[in-house]
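Chain order of the listed sequences is L and H. No gaps in the numbering here: position 156 of the first sequence is 156 in the numbering used here, and each next residue is one more. No gaps in the numbering here: position 152 of the second sequence is 459 in the numbering used here, and each next residue is one more.
Misleading hints may appear alongside valid ones.
[What the hints assert, rightly or not] When the alpha-carbon atoms are kept at most 20 Å apart in a straight line, the in silico EDC-like pairs for lysine to aspartate or glutamate are as follows: (1) L/Lys73 / L/Asp160; (2) H/Lys614 / H/Asp345; (3) L/Lys307 / L/Glu127; (4) H/Lys550 / H/Glu532; (5) L/Lys153 / H/Asp345; (6) H/Lys606 / H/Glu393; (7) H/Lys550 / H/Glu393; (8) L/Lys73 / L/Glu107; (9) H/Lys614 / H/Glu325; (10) H/Lys460 / L/Asp38; (11) H/Lys606 / H/Asp592; (12) H/Lys456 / L/Asp31; (13) L/Lys56 / L/Asp24; (14) L/Lys149 / H/Asp443; (15) H/Lys576 / H/Asp331; (16) H/Lys456 / L/Glu127; (17) H/Lys416 / H/Glu393; (18) L/Lys149 / H/Asp345.
It should be emphasised that the hints constitute simulated quantities derived from the structure, not laboratory data.
There are 2 protein chains.
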Amino acid sequence: MTTTTPQYLTGNAAALNEFIDRFDVFLFDCDGVLWSGDHTFPGTVETLELLRSRGKQVVFVTNNSTKSRADYKKKLDGLNIPSNVEEIFSSSYSASVYIARILKLPENKRKVFVLGETGIEQELRNENVPFIGGTDPALRRDLTPEDYKLMAKGDPSLIDPEVGVVLVGLDFHINYLKLSLAFQYIRRGAVFLATNIDSTLPNQGALFPGAGSMSAPLIMMLGQEPIALGKPSQAMMDAIEGKFQFDRNRACMVGDRINTDIRFGVEGKLGGTLAVLTGVSTKDDILNGPVRPVAYVDKLSDFLGAK
Amino acid sequence: MTTTTPQYLTGNAAALNEFIDRFDVFLFDCDGVLWSGDHTFPGTVETLELLRSRGKQVVFVTNNSTKSRADYKKKLDGLNIPSNVEEIFSSSYSASVYIARILKLPENKRKVFVLGETGIEQELRNENVPFIGGTDPALRRDLTPEDYKLMAKGDPSLIDPEVGVVLVGLDFHINYLKLSLAFQYIRRGAVFLATNIDSTLPNQGALFPGAGSMSAPLIMMLGQEPIALGKPSQAMMDAIEGKFQFDRNRACMVGDRINTDIRFGVEGKLGGTLAVLTGVSTKDDILNGPVRPVAYVDKLSDFLGAK
């Protein structure tokens, strides 16, 4: 952890140019950096253009697990932010890559039980990972007395013997049956994965249950934490590096949250971390917290001062 | 915490008689002590008869929040265990008494938002506590985009301004909407209560999500623990004492779980605690754990040896 004072770049053209020149890759957290809610910050598009025009690789890194990369591209389109799918790295994609390429599952244990929405399902499909659960409408029902018996004895009509992974993301259709099934699978040896562990999800200026809140009952029941694949987990950094093959010394993580974004970059030993003040963390958090970025700006578009 | 060696009473008629004579009141945990699942242990009925014939007050203490005392009486009837409603103390009843008689709520904040089943609703009704949520079928639906806006601004069409308590018990119909509402209420100042914090619920020899698992997402989101009203919380002991007006020195807690039942009695400074080996805790837990009962028997019906 660095405890030096972060450099303030806003309004300092020379320092901004020097900072940009130090990196080949910029990893962007999105909400709170590029936009807030449905509102794109002024200058976001121009700043991304500036970086691209100087040959920088731009990557959009999001813990949002409900969307696939294709969905997320549509969201960026709707916000008028030019992008392509290959620049997007979501926790649903990160989790799918982890399962498909890193987890060594036995031949007969390759199925994933999903607690989550369609974004996860799409990314699993893209990686040819078989799955059950997720948005299956058959699971949107109450438990019956018969279910308890079938689950207790691991009856294959309810407990698929090929499930070797439980992947928990944000599930707007969480229910008692799905939680019960996820628990039985993990107790029977399935790997416990989470797309991300953000406890809350901001929306309309209020907070709502996040993906971490879906894992919370299972963590309490099992006395076991999941392997998390979103920021700040380094499993996500490894997956990003695996895809873009960059030099970590010449990569910079940009974000508004010290505890997730900046920590993600610092623990990933990236050459740079940059905080913006348009989101969650305050100037005091940035200057005096236990985790500090290399530099900070008031807002991302302050980079336009480098022109 | 006592660290003396628990006395083994099985087969020792004199010790059994002496033990019984020391108490006026016996508080019984039920599952694992009187029965297991749907199966009443042999000798349960005769043991309760023996105690009653010697003038002992018997109290059935259960963390089960889905049942009211009236429901629980029916369960005891079904197991052929004679009882009356006044002998039953459930966590749903404990919570209702706590809200009605102990919590000092402002006049305009007396409503309870319930995450739970009909047992809680019945006990709140018995204590004349107004409530919303619970089994209301209107809450068994998805969140709409409009809901996010209404919740964020605290619109009274969705956020009842009179709610001053969120009470979380076991809810077989837990969903994203209910969790979101519970969170908004607590964030707006409602008291966070839980009937009990057992993470799991045994059924058919397997484990399923318990009441504590319903609180888990809220605990993670809020960074705050609820006040729990079931064993081993002393709020429950206070409520039992308030009702039965006994001398704690002359009361004995009987149970199969060291961490809940025996701890409940020890922390409540009861004169006696008695463990049985027909449930969760083992002889090793009893003899060598950090919390130890005054005495133990292999099974409850060993008390018939006192005849």
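> Of the hints given before, which are not true for this structure?
Replying inline: Hints 1, 2, 3, 4, 6, 8, 14, 16, 17 not satisfied by this model.
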